[in-house]
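Here is how the chains run, residue by residue.
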Amino acid sequence: SQKIEQNSEALNIQEGKTATLTCNYTNYSPAYLQWYRQDPGRGPVFLLLIRENEKEKRKERLKVTFDTTLKQSLFHITASQPADSATYLCALDINNAGNMLTFGGGTRLMVKP
Amino acid sequence: NAGVTQTPKFQVLKTGQSMTLQCAQDMNHEYMSWYRQDPGMGLRLIHYSVGAGITDQGEVPNGYNVSRSTTEDFPLRLLSAAPSQTSVYFCASRPGISGNTIYFGEGSWLTVV
Chain A
1 SQKIEQNSEA LNIQEGKTAT LTCNYTNYSP AYLQWYRQDP GRGPVFLLLI RENEKEKRKE
61 RLKVTFDTTL KQSLFHITAS QPADSATYLC ALDINNAGNM LTFGGGTRLM VKP
Chain B
1 NAGVTQTPKF QVLKTGQSMT LQCAQDMNHE YMSWYRQDPG MGLRLIHYSV GAGITDQGEV
61 PNGYNVSRST TEDFPLRLLS AAPSQTSVYF CASRPGISGN TIYFGEGSWL TVV
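Line by line, the protein sequences give chains A and B. The numbering of the first sequence is the numbering used here, which starts it at 1 and goes up by one. The numbering of the second sequence is the numbering used here, which starts it at 1 and goes up by one.
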């Protein structure tokens, strides 16, 4: 079956460290992958999009990698802060037609001061 | 700029009742969609629309109807609510081009008793 997997266990790290979250997928060949942030009681907010021909994308303290051979994306937050604590979701357009954005279950990140 | 607006924020329904979740966007986006989010299940696509007058089913469409009479509005109807429809519902919109950012509403918490 087609799946998008994110670590369902919360990731706890110390302030200032780099947080690394993983998104693995099977049976897809997506043209791009997106990462979203979701705070409790709020809707997801877009963070980054990376295309299949891009190995790495950066935005301020955020970095995303996309390995289409491993079928994996890594999401890094450097110099993490307590304000980065949230759930992070990855999403793929499973049919590359723009109609069926499919989400992973998300990983909750807790950054401790 | 309001973005994507959902109403109501919270609703309790009795089994068998019907209701409509409203969604409006003021960004002139062609693409709109409805997701439900359940613990451990991530966001799952219910229905989507690529423009006024055009709708299609997503991953979990059963028990829900949609219509798209205008570009701005995309209501989600529950014809006969069931306890399995207890969930958080998110409406989202995006410019028509695939790969663009999706903008989510703040969510509607629905409990069916």
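It is possible that part of the hints are untrue.
Restricting the straight-line Cα-Cα distance to at most 35 angstroms, the calculated cross-link-like pairs of lysine-lysine (DSBU-like) are [said to hold, decoys possible]:
| id | chain 1 | residue 1 | chain 2 | residue 2 |
| --- | --- | --- | --- | --- |
| 1 | A | LYS3 | A | LYS59 |
| 2 | A | LYS3 | A | LYS57 |
| 3 | A | LYS71 | A | LYS57 |
| 4 | A | LYS112 | B | LYS9 |
| 5 | A | LYS55 | A | LYS17 |
| 6 | B | LYS14 | A | LYS17 |
| 7 | A | LYS63 | A | LYS112 |
| 8 | A | LYS112 | A | LYS59 |
| 9 | B | LYS9 | A | LYS63 |
| 10 | B | LYS14 | A | LYS59 |
| 11 | A | LYS55 | A | LYS112 |
| 12 | A | LYS55 | A | LYS71 |
| 13 | A | LYS59 | A | LYS17 |
| 14 | A | LYS63 | B | LYS14 |
| 15 | A | LYS71 | A | LYS59 |
It is worth saying that the hints were derived from the structure and are not from the lab.
Checked hints:
Restraint check for LYS3 (chain A) and LYS59 (chain A): satisfied, since their Cα atoms lie roughly 27 angstroms apart, inside the 35 angstroms limit. This hinted pair checks out: LYS3 (chain A) and LYS57 (chain A) have alpha carbons roughly 23 angstroms apart, not beyond 35 angstroms. Annotation: proposed proximity of LYS71 (chain A) to LYS57 (chain A) holds, straight-line Cα distance about 16 angstroms (limit 35 angstroms). A threshold of 35 angstroms between alpha carbons decides the hint, and for LYS112 (chain A) with LYS9 (chain B) the separation of about 31 angstroms falls inside it, so the pair holds.
For a cut-off of 35 angstroms, the pair hint linking LYS55 (chain A) to LYS17 (chain A) stands: about 23 angstroms separates their Cα positions. Restraint check: the Cα-Cα separation between LYS14 (chain B) and LYS17 (chain A) comes to about 48 angstroms, which exceeds 35 angstroms; the hinted pair is violated. Distance restraint check for LYS63 (chain A) and LYS112 (chain A): the Cα-Cα separation of roughly 21 angstroms lies within the 35 angstroms cut-off, and the hinted pair is therefore satisfied. Straight-line distance between C-alpha atoms of LYS112 (chain A) and LYS59 (chain A) comes to about 23 angstroms, which keeps the hinted pair within the 35 angstroms bound.
Simply put, LYS9 (chain B) and LYS63 (chain A) have alpha-carbon atoms about 34 angstroms apart, close enough for the 35 angstroms limit, and the pair holds. Under the criterion of a C-alpha separation no larger than 35 angstroms, the hint pairing LYS14 (chain B) with LYS59 (chain A) is inconsistent with the structure, at around 46 angstroms. As the CA atoms of LYS55 (chain A) and LYS112 (chain A) are separated by approximately 30 angstroms, the hinted pair is consistent with the 35 angstroms bound. For a cut-off of 35 angstroms, the pair hint linking LYS55 (chain A) to LYS71 (chain A) stands: about 12 angstroms separates their Cα positions.
Distance restraint check for LYS59 (chain A) and LYS17 (chain A): the Cα-Cα separation of roughly 17 angstroms lies within the 35 angstroms cut-off, and the hinted pair is therefore satisfied. Distance check on the hinted pair: LYS63 (chain A) and LYS14 (chain B) sit about 46 angstroms apart at the alpha-carbon level, beyond 35 angstroms; violated. This hinted pair checks out: LYS71 (chain A) and LYS59 (chain A) have alpha carbons roughly 22 angstroms apart, not beyond 35 angstroms.
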